[in-house]
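*Asks:* These protein sequences, in sequence, are chains B and L.
Each residue of the first sequence is one higher than the last, beginning at 24 in my numbering.
Each residue of the second sequence is one higher than the last, beginning at 24 in my numbering.
Any given hint could be a false lead.
Identical copies look the same in the list; a pair holds intra-copy or inter-copy alike.
Result set (DSSO-like, lysine-lysine): computed pairs, CA atoms no more than 30 Å apart in a straight line [stated by the list, open to error]: (1) 281 with 296; (2) 114 with 222; (3) 295 with 102; (4) 102 with 209; (5) 102 with 275; (6) 209 with 295; (7) 193 with 66; (8) 239 with 281; (9) 296 with 66.
Derived from the structure by calculation, the hints contain no laboratory data.
Nothing here was measured: the structure is a model prediction, and the numbers come from that model.
There are 2 protein chains.
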Amino acid sequence: MTVTVAIDCMGGDHGPAVTVHAALDFVRNQQDVCVILVGVEEKIRPLLANTYHSRITVRHASEIVAMDESPALALRNKKDSSMRVAINLVKNGEADACVSAGNTGALMAISRFVLKMLPGIDRPAICAILPTAKGHSHVLDLGANVDCSPEHLLQFGIMGASLVSAIEHKDRPSVGILNIGAEDIKGNEVVKRAAELLKESGLNFIGNVEGDGIYKGEAEVVVCDGFVGNVALKASEGLAQMLAAFLRQEFKRNLLTKLVALIAIPVLNNFKKRVDHRRYNGATLLGLKGIVVKSHGSADVFSFTNALARAAEEARTGVLSRITERVALQQPSQEIS
Amino acid sequence: MTVTVAIDCMGGDHGPAVTVHAALDFVRNQQDVCVILVGVEEKIRPLLANTYHSRITVRHASEIVAMDESPALALRNKKDSSMRVAINLVKNGEADACVSAGNTGALMAISRFVLKMLPGIDRPAICAILPTAKGHSHVLDLGANVDCSPEHLLQFGIMGASLVSAIEHKDRPSVGILNIGAEDIKGNEVVKRAAELLKESGLNFIGNVEGDGIYKGEAEVVVCDGFVGNVALKASEGLAQMLAAFLRQEFKRNLLTKLVALIAIPVLNNFKKRVDHRRYNGATLLGLKGIVVKSHGSADVFSFTNALARAAEEARTGVLSRITERVALQQPSQEIS
Chain B
24 MTVTVAIDCM GGDHGPAVTV HAALDFVRNQ QDVCVILVGV EEKIRPLLAN
74 TYHSRITVRH ASEIVAMDES PALALRNKKD SSMRVAINLV KNGEADACVS
124 AGNTGALMAI SRFVLKMLPG IDRPAICAIL PTAKGHSHVL DLGANVDCSP
174 EHLLQFGIMG ASLVSAIEHK DRPSVGILNI GAEDIKGNEV VKRAAELLKE
224 SGLNFIGNVE GDGIYKGEAE VVVCDGFVGN VALKASEGLA QMLAAFLRQE
274 FKRNLLTKLV ALIAIPVLNN FKKRVDHRRY NGATLLGLKG IVVKSHGSAD
324 VFSFTNALAR AAEEARTGVL SRITERVALQ QPSQEIS
Chain L
24 MTVTVAIDCM GGDHGPAVTV HAALDFVRNQ QDVCVILVGV EEKIRPLLAN
74 TYHSRITVRH ASEIVAMDES PALALRNKKD SSMRVAINLV KNGEADACVS
124 AGNTGALMAI SRFVLKMLPG IDRPAICAIL PTAKGHSHVL DLGANVDCSP
174 EHLLQFGIMG ASLVSAIEHK DRPSVGILNI GAEDIKGNEV VKRAAELLKE
224 SGLNFIGNVE GDGIYKGEAE VVVCDGFVGN VALKASEGLA QMLAAFLRQE
274 FKRNLLTKLV ALIAIPVLNN FKKRVDHRRY NGATLLGLKG IVVKSHGSAD
324 VFSFTNALAR AAEEARTGVL SRITERVALQ QPSQEIS
C-alpha cells in the first residue's frame, strides 16, 4: 500500500526552495510514498529539472495564501490557493494527508471548512511533539483554541492518546493535564472539571502535570487549552534560543575560548543534535476528517522532510479511524455520567 | 537610615541551615541592614554561636508551617508560626520587609490576612525576575491568581511598572501583556480587554508579548494571569534543567569527552554563571500593605541572600508608596472611561 501526501509547496518562509527539495528527499527515502506537489507550476517544475520520478505529481494552483493574511479572507477569497487545493486533495481522496508550512490560522480555517470535524469532536487541536528527559511527549492544544471547556479538554485527551497509540503502537499511553500544582485542588474550574472527566474516561489518566513536568516526561500526552499551550511552547522556544545564544557568546568571547570551542565542537554538536527542534517538526491538526500537518514556517529541508514523514506515518497507522473508534467508545459513558 | 528585614528562618527545604547563614552573609555585606531571625530559638541560636552582631536579633516563634500544609489551616491554626510572626513584624512596623522560603500558598494567605491590600488593588500578584537576551524582565502574576479579570491585569501592570521604576530608577518602564500572537485581534476576551485598559492607562504599554518575547526582553514588565504565568515559568525551569542535564551527559559520555569537558570548564562556568537562576531568586508578593518576598523553597545560601537583598532594596526605594501613588493617579481616568 502506498501513501500519498499532498504538499502545499508555496507555504512557509522559503516556499518551493524548501518544500520541493524536501519532497524529493522524502520520496527517495521512503519507498511506499507518493507526493502531489501543489502550487504555481512554473515555480515548481524547474526544481524538478532532472528528476523524473513516477511517485511525484505536480498539481497547479494559481494563488498563494500569505503568511500574514487574515484566515477569514484566505478562506473566502483564495479558492485556488496551493493550501486549499492540497486540502481538497485530501477531501476527495486523492491524497491520504497534506502538509503545509503556511499561515497556521488559514490552514486551520480552510481545513475545518473543507474537511469538517470527526464525529464527537467539537474543535480541532494542534498537537506537537516536545523532547523530554525520557524521550518525547505529545502536547495539545498549542494554539487553535484560546478558550476551552472541560469537554474540549477531554476530547483533546482522547485524540492525543489515540494518536500516540497509533503511531507509537502503545496500548494505553499516559495522559496528564497541564496545571499549576500537583494536587487535585489546584487550578481553575475548567481544569479541575476536565481532570474529573479524564479520570472517568477510561484513558490512562495520571492527573496534573506542572510546567516542568512536560520536560520531565511525566505523561506521554499532555492536555491544555491553546492559550496556555501556545505560551508554554513559545516561552520554551525563546528560552532555548537565548541559552544557545549565550553559549555561543561564551565560546566566542576571546581567542582562548574560541580554541576551546574548536576542541569541544564534536561534543557540542552531539548536544545540538539531541535537542534539534527540526527533528520534531510537524504539528498535527487533530480532530479533522483528514490528516493535516503544519510545518514550522521557517522550516529547512531536513525539518520539512520530518513533517512529511509524520504525515505519512499518521496515514499509514490509521490515526483517524483510531480516534473515531475511541470517541465512539466514549459517548455512552459520557451520557450516563 | 537602616532597613530591617524579618526572616522566616524555618521555611524552605533546608530551614535555618540556609536562612541563618544567608542572614549572616547579608548583614556582613550590607552595612545599612538589620535582620530579625524568626523561628525556633534553640534551632537558630547555635548557628550564631560565635557571631555576635548588633544588627541581628532573634525572635522566637514556636510553630512551623509545613511546605505541604493547607494554606487555610496554616492561617487558622498556626498563630505562632515563624512565617506569621515575621509578617506580624512588618505589620507592626518593627520590620520594613519580610522574606520566607516557605509554603507559597500559606505565605500568600497569611500576608493578605495580616497586612491587607493596598488601596485600589484587589489581589496580590507574584512578581519575579527572569533573565532575558537584553538583561532581565519582571513577570507577574506567576501563580497567585488562577482567574483574572481585565482590571486585575491592569493593576498588575501598574504594580509591576511601579516596582521597576522604584528599584531600577526608570521613569517609564515598558509594559507588555502575554498573548499568543503579536496582533491586537489575538488572544482571549480577558486579555484583549486588559490590553485596551493598559493602552488607556498612561503606562508605557507596548502591546502583546508572545512566550518567546519574554526571553527576547521585549518588555521590562510582562503581565499575565497566574495560571499562564506559572505554567510558562515552570516549563522554562523544566526545559533549562533538561538542557543542562543533556549537556552534562554529552560531556560525560566517554574519556575523550570528559577530557574536553576539563578544558571547556571555564567557558561552561561563565555560561552557567550567566544563567544562574539563583541570582534571580526572590519573588515579590505585590499589592500588599507591606513588603513580602518569597524565596524558592530549595534556595541555597547564595540564592537566599539574593532574596534578602531584593526585599531590602524594595524597602529602601519605597516601592509601596510608589504603587500607591500610581494607583491613585489611575482612579479618575478609570472612572471616566
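*Asks:* All hints, please: hold or fail.
*Replies:* Results for each hint:
no., hint, in the structure
1, 281 with 296, "both (21 Å within a copy, 19 Å between copies)"
2, 114 with 222, "neither (35 Å within a copy, 44 Å between copies)"
3, 295 with 102, "neither (41 Å within a copy, 53 Å between copies)"
4, 102 with 209, "between (47 Å within a copy, 25 Å between copies)"
5, 102 with 275, "neither (50 Å within a copy, 56 Å between copies)"
6, 209 with 295, "neither (36 Å within a copy, 33 Å between copies)"
7, 193 with 66, "neither (42 Å within a copy, 53 Å between copies)"
8, 239 with 281, "between (33 Å within a copy, 25 Å between copies)"
9, 296 with 66, "neither (32 Å within a copy, 50 Å between copies)"
Hints 2, 3, 5, 6, 7, 9 from the earlier list are contradicted by this structure; the remaining hints agree with it.
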